[in-house]
Every structure is written in structure tokens, then in C-alpha cells.
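Starting from the known structure of chain A, fit chain B onto it as the hints suggest.
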Amino acid sequence: MLERIKRLFSRTGEPEVRPILSIVMVVYDMPAQAQNTLISLSTEYQQDVSMDDFEVIVVENESSNLINSQFIESLPRNVHYYKRKETQPTPVHAINFGALMAKGDYICLMIDGARMLTPGVVKNILLGHRAVEQSVVSVPGYHLGDKLQQESVSSGYGLETERELMRSIGWPEEGYRLFDIACFSGSSASGFFLPNSESNCISVPRQLWHDLEGYDVQFDLRGGGLINLDFYRRACEYPGLQHVIIPGEGTFHQFHGGVTTGGEEREVRAAYIEASKQQYRELRGKDYSSPVTHPIYLGQLSEQSQKFLHFSSGKWLRSRGKKPLEEFN
Amino acid sequence: MADSARPLLSVIVIGYKMPKQLAQTLYTLSTAYQQGVTEQEYEVVVVENTSSEDFDESILPGLGGNFRFFRRDERSHTPVPAINFAFEQCRGQAIGLMIDGARMVTPRVIQYVLMSQRISPDSFTVVPGYHLGEQGQHFNVSNGYDEEVEQQLLDSTNWKDNGYELFSIADISGANPNGYLQPIMECNCMFASASSFERIGFADERFTFRGGGAINLHMFRSLGMLPASKLIVLPGEGSFHQFHGGVTTSEYDGLERERASHRAQLQELWGGEFHSLRREPVLFGAITPLAQDYLAFSVDRSKKRYKRFKARGDRLWEDDNQLAMEFRK
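Taken in sequence, the protein lines are chains A and B.
Residue 14 in the working numbering sits at position 14 of the first sequence, with consecutive numbering throughout.
Residue 375 in the working numbering sits at position 46 of the second sequence, with consecutive numbering throughout.
Mixed in with the good hints there might be a few duds.
To be verified - Pairs of lysine to any residue residues, derived as SDA-like cross-links and limited to a Cα-Cα distance of at most 20 Å, are as follows: (1) Lys103(A) to Pro19(A); (2) Lys323(A) to Gln621(B); (3) Lys632(B) to Ile181(A); (4) Lys322(A) to Arg630(B).
Just so you know, these hints were derived from the structure itself, not from any lab.
Here chain A stands alone, though its shape is the one from the complex (with noise of 0.2 Å):
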């Protein structure tokens, strides 16, 4: 597979039609993992559809570890590359940026860059879209390695344990795979049915996209604070709209020092996501509370990804004091 998607990258000169879906990709000080998202985001991984479906802008702020310049000039058709001069700590501008460049009717946001994704996940956010044209889909998000990333760097956890990870699903061949090796990250943890606190990997229609202003630039901390938990919050809350969740896709964080997936000492963490809560109160006059909707869930189910509905609907057993069926095994 990994030859056909880098011939498909050095296909360029062909007509450009305007997508549907605009999917706004941030990325910083991560170029190996970028590469590995912007793998899973094209048409030989990701299944039945086109490059005239959908559009990747990879919205860049400048590093000193930048993606490979080679790399970038192999990209297919449908993804756009824009490297930026950023003077301020903070992804905001630049997914802002990102949407302001898209052409579709559908703006799917992925404020991380290093999170790859499975092989359904365009197909079901554009089936989301046609059944509920006013709704907001939502990926679930996992963390690769059997603990959140932010725990198992203590344990030794780093990029060449991941790399080992990744190599012994055979990643890119059988994308689900990567349910094999991930677990569910913080903002998921409570599995399908109970509320999410954030979604990385979040699709909106444009107005709506319009309505809310894109995400809100008084999140000017490091790493954006609660940035995208705000955005989840008030995307989901907006009246009008229906919450889909596809439950049988994922978006997986790849390891790459973020500021709180375990690139800081745990003191410094915990500052951090103190300070950033403090700030989202400061904005907001209350405690970042997850959302709560009323899901429509849409997709096929791969047989890795059924772990983690078992579990899913475990938690919610559990959470109306019910016994949950046997564990999965």
C-alpha cells in the first residue's frame, strides 16, 4: 500500500473540483507524525472516495522541525500545504487560518496533526453529513499504547516503542488495526454513550462553522488550553444541530511531546491543565463540563473496534448501576 499512496502523492497538474468536506489539519514540531496523518488521510487508505470529495489544508507553524519540504511537494491534488510564521504559542490562528482557506461545504477540524486515523472516517463524515445535513460529527479518540500517553512516558514509553507498535500491526496496510494497539484517550474514556469532553477530529457545516466564529482566540495559552473542548462544547450545544458519532472509526494520538499528551514533567502538566482550566473560567464564568447530547451514532463496526463498544456499553451499564455483560476477552 505504501507504494500506491506515494505514487498517488506525486500526482499533481490535475483539475481541481470544489469538495464537499475541507478537513483543517494543524500541525507543529511534528513532521513524522504529520506525514503518518496526512498517509491516513488519502484516497488509497481512506475508503470509497475521491479526491473530489474532499480537500486536506495542512496549516503549518513554523519550527525549527518542519515537515520534509520533499514530502510536502509529493502531496496529492486534494491537499493543500500552508506554512506559517506564528508569533504567538497557540494553534489558534492557525486552524482559523485553515478554515478561512477552505472550500467545501463541510469543515472538519483536527487541531493535532499527529493523530492518524482509520480507513472509514471521511466516508462517514460525508454519510453523516447527507443523512443530517445540520450535524456535527464527531470522531472518537484514542491514544496508541495500552495507557494514556501522558502515564506511559514515565514507563518508558516514547517514539520508538510506538514506531515497534506500528510495525507490528503492519500499519498502513489494515488501518483498523490500530485498534489492536490503542486505548481510549482522556476525552473518550467514557466510551460512546456517556458525554465526550473533546473530539479531534470534528466536522461542521460551513455556516455553523461561521456562527460560532471558528474557535475563539482568547485561548492564548501554550498549546491553546481548552481550546478545543470549548469549540466541541459549543459546536455541540448549538441549537439546531444533531451530534453523530462514528463509533467504528478513531483518531490515534501518535507520541510527539505535546503539552499534555506527555511531552512535559507531570508537574509541569498539571500546572499547565490547571492554568488552562482556570482560564476557561475566567471566559466562560464556569468549570468546562462535557457536553451533553443526544447521539445519533452511523457506521460499520470493524471487528477491532468491537472491544471498545463492549466497553462502551459497559461503562453505561455500570453508570445506571446495571452489571455489564462478561468483559471482552
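Just chain B, lined up with the frame of chain A:
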């Protein structure tokens, strides 16, 4: 109704000797009960074969202007001519077939079917089946289960205002005893485009057994095996069988013999290759709290099947595979 006011969907309901059950089923199909839809979007085509216990059609105007009622004299013991008569009356681009008028449905069936038609005109949308009462009703006669007991059960809930309460007084149907994440044998509330029904030749007139024999299983598999069909299962919705002394849902001498003759006819028509539909379903819709137990059950059964198939190296969805191979030829 002029052509300009053509509904998107026509739902066929066949009745015979079940006046009270049919009345309750039709109530569940009215806009007073169905959520998020209008009378203009769908019509209900009710066809009743005359008996000593005819339905009181005077209640229909009270259910809305989208019900059309036809009563027929039928000399044979099969609903097949009634079904084909109903197809001739349908004006929708999509058609729902409820061969047994004794099946009440949950409140978002129509809304989700309309949404699934937007996902694809080839959507084949399936509502999982349940029986009212704690066990399959055909075993319950000897336990004293009858219409009166059932009515008491229904009266113990608030189903007219919250149809999802039907889940609390029901059991999973014999047509999908292992839940809906496994191949399903048949469905008594299924929806496809009018052209899909035309492609399978509507209801096959050879099914002349009492009650139509296995006509519904035959139509279910025929629709599901159309190469373009996209199987969509609504995990949070259901159709609930009310007790009424139907051919295969009540207990009497000779039931097994009669079923054997139905199976024999089916195998003859399918060259000995009739089986459940082994295509991977797309799940669609909300899952309300009362439907969660059945989701947990389905996930548990699916997990066991997955392990079994993995150990044997078998494919989970063999019909998908076969259709793909035929397409490649």
C-alpha cells in the same frame, strides 16, 4: 394526493384477523407518535384481507391524512396477493414492508428511514424485531400468555407517549436471536427503494402456503443480496410483535411440520443455499436507554462469533465477499 405532493416513503402494512393489534400498529405509524416527520413525507398503505374480525377503519382519519386503507376479499390463505396489490398502490420513492400488521414500531423509525435514504438511494434499512412478553410468544401459550395478558403488559407502560418503553416489556425475536450485529434471518419492518423491490420482482407468487410461508425471509434475502444494497440496521429502534395467533408466532399442533415445509420451499428456491444475510451492517440512529440492554447483548454475541470465526480463519461477512468476487468477474 397530486404528483407534486408525492410522499418520499410508502409503508405497507398487511392485516388479517387482527383488528386490535393492527389499530395499535397503525397508531405507532402516525405522526402523533412518530417523531420529526410530517404527514407529507410518508404514507401508510394498509391492506386488509377480509375475515370474520375486520379492522375498524373509521379510526383512520383520526390518525392523520396520510393513511390509505384497502380491504380485499382473498380466497387463498397467503398474504402474497395482498402485498403485491399494496405495491401497486405505493407512490413513494422508497417502500417499507410490514407483512405482519401486528408489529408496533418505535418512534423514530420513519425519521431514520428517511435519513438513511439520504445516505444512499440503495439503502436497505432494517428494524430489528422483538416479541412483546418475556419469551417468544409461540412458547408462551402454554404459559398462559394471551392477548389479555399482553394488553396488561402494554397498559403497564406509557408506550403511547414514549414508544421506547416497549423495549422494557419485550424479548429479542427469533429472527435475530443473537442480536443485530450478526447475520439476520429476516425482518418484519424493512425498507428499500421502490426500484429495489421491483428488481426482486415484488412478492413471489409461488409462496402459496398459509400465511405466505417463508415469503418474508425470501424477500429479505433477495433485497439484501442485490449487489448495490447498503444494509443499514437501526440499533435503537424496534418492531414489536403483538400476540394474535399468527401462523408461526403461536403454539399449536403441527407448527413444526408447517415450518419444515416453509424451510423446504425456501431451500428449493435458493438451491439449498438459503441462509441469514451475511453482509456487514451500517448502524444508524440514537440508542435510547431502554435499548441499551439489547445493544449489550448484541455486542456480547458478536464478540463470541468474532472469536469463533477468527479461530477458524473464516470471514465474518461472507456474502459481501461473494458479491465482490462476482463483481470482479
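Pair hint outcome, Lys103(A) versus Pro19(A) [Cα-Cα no greater than 20 Å]: The hint holds at about 7 Å.
Lys322(A) paired with Arg630(B) [C-alpha distance capped at 20 Å]: holds, 18 Å
Pair hint Lys323(A) and Gln621(B), alpha-carbon separation not exceeding 20 Å: It holds: about 12 Å lies between the C-alpha atoms, which stays within 20 Å.
Distance restraint between Lys632(B) and Ile181(A), which requires alpha-carbon spacing of 20 Å or less: Roughly 18 Å separates the two Cα atoms, so the pair holds.
No hint from the list above goes unmet by this structure.
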